[in-house]
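Chemist: Each residue of the sequence shown is one higher than the one before, starting from 2 at the first, in the working numbering.
These are computed hints drawn from the structure, not numbers from a lab.
Misleading hints may appear alongside valid ones.
Listed next, the in silico DSS-like pairs over lysine-lysine satisfying Cα-Cα at most 30 angstroms (straight line) [stated by the list, open to error]:
#1 Lys118 / Lys171
#2 Lys93 / Lys171
#3 Lys93 / Lys141
#4 Lys171 / Lys83
The calculated label-pair distances, taken between Cβ atoms and stated as ranges, are [claimed, not checked]:
#5 Gly119 / Asn52: 34 to 40 angstroms
#6 Arg32 / Asp116: 26 to 32 angstroms
#7 Asp28 / Glu134: 29 to 35 angstroms
#8 Met29 / Ile161: 43 to 49 angstroms
Think of the CB as a built atom: it goes at the ideal place given N, C-alpha and C, for glycine as much as any other residue.
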Amino acid sequence: MVGFIEESSIVADFGCGVCSLWPLLRDMGMRIVGVSCNRKEQQQKGIRIMNIEMADFNFLGIFEGFVAVDLLQRIPPELWSKILLKISRSIKTDGMGLIITELSEEESARSVFSDLKGDGFPVVIGENLEDGEYIFRPLKSWYDQWLKNAGLSVFREEVIDSVVYSIVRK
2 MVGFIEESSI VADFGCGVCS LWPLLRDMGM RIVGVSCNRK EQQQKGIRIM NIEMADFNFL
62 GIFEGFVAVD LLQRIPPELW SKILLKISRS IKTDGMGLII TELSEEESAR SVFSDLKGDG
122 FPVVIGENLE DGEYIFRPLK SWYDQWLKNA GLSVFREEVI DSVVYSIVRK
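All chains should be modelled from the sequences, with the hints used to inform the complete structure.
Modeler: This is the structure:
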C-alpha cells in the first residue's frame with residue numbers, strides 16, 4: 002500500500018487479517034484502525050481497535066485506504082455485496098484498498114456443491130465445510146461483479162494458486 006496511500010493516512014483493517022503487519026504499517030507512517038476483529042486483538046501503540054460487527058459499521062468517507070485479508074471467505078455469499086458496499090462507503094473518494102481472498106475453481110466448486118446438495122445442505126456454488134467450519138470461495142466472475150457493484154475498480158490484480166490479490170480504488 003506504500004506509494005498508493007500517503008503517510009499519516011488512516012487505513013482500516015477489516016477483519017484484522019493483517020494485524021501482524023500493523024507495526025510495519027505504523028512505522029511507515031500510516032494510522033491503523035482494526036475493524037470487526039473476530040478475535041480480541043492486543044491494543045498496540047498507535048493502533049485503534051473497533052470491535053464492532055460489520056452489520057453495525059456505517060462510517061462514510063473516513064478512511065484513505067483499507068485492507069481486507071481473509072475476511073470475505075468467512076462471510077456467506079448473500080452478504081458479500083452489503084459488506085463490500087459498506088467498505089466502499091467508508092473509504093474517501095479515490096481511496097485505495099487491498100483485498101486478499103480465496104476463489105473457487107469452477108469445476109471443483111460445482112463438484113463440492115453437488116456433494117453437499119446431495120447430502121441435504123442448502124448451499125450455493127463456492128460454499129463448503131472444512132474441518133467443521135464454514136467457508137465461501139466465490140467464482141472469479143462473481144467476485145468481479147461484487148467489486149463493481151460496490152463502486153470499487155481494480156487497479157492491479159494477481160491470482161496465485163486460487164488466491165486473488167486485488168488492489169482496488171474507489
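Chemist: Could you tell me which of the hints above the structure violates, numbers in ascending order?
Modeler: Failing hints, ascending: 1, 6, 8.
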